[in-house]
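**Student:** Listed below are the residues making up each chain.
Protein chains: 2
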Amino acid sequence: MIDRLDDDGSRLADALARIQREVDAAFSGFLPVPEDARSRLVEAMRYAAIGGGKRVRPLLTVATAAMYAVQRDAAVRAGCAVEAIHVYSLVHDDLPCMDDDDLRHGKPTLHKAFDEATAVLAGDSLHALAFEILSMPETSADPIVRAQLIAALAGASGWNGMAGGQMMDIAAEGQGYDLPTITRLQQLKTGALLGAAVEMGAILGRVPEEGRSHLRYYARDIGLAFQIADDLLDVEGDEAAAGKALRKDEDAGKATFVSLMGVEAARTQANALVTQAVGHLAAHGPEADLLRALARYIVERDR
Amino acid sequence: MIDRLDDDGSRLADALARIQREVDAAFSGFLPVPEDARSRLVEAMRYAAIGGGKRVRPLLTVATAAMYAVQRDAAVRAGCAVEAIHVYSLVHDDLPCMDDDDLRHGKPTLHKAFDEATAVLAGDSLHALAFEILSMPETSADPIVRAQLIAALAGASGWNGMAGGQMMDIAAEGQGYDLPTITRLQQLKTGALLGAAVEMGAILGRVPEEGRSHLRYYARDIGLAFQIADDLLDVEGDEAAAGKALRKDEDAGKATFVSLMGVEAARTQANALVTQAVGHLAAHGPEADLLRALARYIVERDR
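So the protein sequences, as listed, match chains A and B. According to the numbering used here, the stretch in the first sequence is residues -7 to 295, in order. According to the numbering used here, the stretch in the second sequence is residues -7 to 295, in order.
The shape of chain A in the complex, shown without the other chains (with noise of 0.2 Å):
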């Protein structure tokens, strides 16, 4: 059973060591510098692209679509799409007007490193980039692909999935929310962008809509355990080994998942969620084991 985990665990650390490598690369590839006034903000792109991030939503796109045989170069660029907006949301969370944090990824956050304009702009860029990836014939010949792999990311990011969790995550403030009401905010907040990556994956993989329940339902159930094992983390972690800020939600007197069930069971739920999605898998034999292994991963972490 250890050699069994510690098998997985090597596997799957040795996945991210090279999903972080090629999407590092795939950035720098899609973002050369120019020689005239743009290059601060490509520069300022790079800066948060480039080099930081686990990359869970990447390696999710990646190893759903290789269970479909997807050729490895496409499932990476649409990996990186998400990416993009995954890594715009955060440096536009970072601002001043926003949860105005100084430290992302143990580096100081963009608007820090550069300025305010600089950061609205390059996350502004970003977000466009992500759907420039998406568009080009290099990501999929087969533009009925692309247009599916369009609708799914710009349906979670937009007021419907990702800012509209962010918009009742900033009311949350004193609102007393209840956990049906926390739930429903951290499926927008962070489930639909984690939902799309691996709906992405099978897009690509020509999976029908009909045969996708059961990763959406896994997809599901690890974003509910993500954003668990997010708040355990603000309440236990480290900030140096998470490189940002904690407690945040505990001083802004924000209703969590911790805060409403307490720490055991909210470790509790976390875990029954996990194996519920890796229960979502059953179909699946050895092609599926990496989903599974990130399913682990996302309440073992420690950042």
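It is worth saying that the hints were derived from the structure and are not from the lab. Please read all numbers here as calculations on a predicted model, not as lab measurements. Some clues are possibly wrong.
Said to hold, decoys possible - Below, simulated DSSO-like cross-link-like pairs (lysine-lysine); rule was C-alpha separation at most 30 Å, straight line:
hint : chain 1 : residue 1 : chain 2 : residue 2
1    : A       : K240      : B       : K99
2    : B       : K99       : B       : K46
3    : B       : K46       : A       : K104
4    : B       : K240      : A       : K104
Go by the hints and put chain B onto chain A.
**Tutor:** Here is chain B on its own, set in the frame of chain A:
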């Protein structure tokens, strides 16, 4: 001659009034207010997107598409996507860390009417909405067309388009940009999106790439004329009519077409560009009259 101009003018006035109604109605349909904490976000999006603006970009898309017998509803939707990008850019441009403007279309800017965090998120959500609209089958049943529309819009809005131009503009203070640099800046900042508006009409009309170059030249010329007219309005315009603060470039010590060329030469150049733009439509008959009238309107408008 006067009759003909009047005729053109009233037809254009009708066309503007019609597209304004259509765009407002379409945004209203795209943005139903949800019954939870996201309502504030969607209300903010509606505040920015509905009932303001000349809708020059949607009219460019619709007028171009009409030349190729595109179904009007599809063209209005594509025009709304362009306008969503335009509106999001205004919302972010107006932020305190950017241009810090209090007034837009004669009413308080979004961050004044709501707050900064909501303005950042509403801009982001309008950005996503643009790509959501384009990825829907209702915009075009043909996914190839949808993918082309998205590629055109994403390319025009990112670091190599509008956002790149905005970065150059931010860096302009005290830089003493010369005329070629200002031309390049404005081509990115304003021209790219106006060009995309025309291009997307042609894409909907299934005009092959090689058949679009005259439309590209037209768009390039009206884009520059538009910006020169903006610079002239900034110097000579009436703030009440414009509905926004004027004379900001001069105060910031930024070079503009007018500061570099002088008022008279700038006006002559704007008119020459309009004549040139209309010339690119010479192969078309009356079906291009609206594009011709739009070109003239662009330098004659008072806001």
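**Student:** The structure should be examined with respect to each hint, and the outcome stated for every one.
**Tutor:** Hint check:
1. K240/A x K99/B: Status violated; Cα separation ~35 Å.
2. K99/B x K46/B: holds (15 Å)
3. K46/B x K104/A: violated (37 Å)
4. K240/B x K104/A: holds (26 Å)
Hints 1 and 3 from the list above are not met by this structure, while the remaining hints are.
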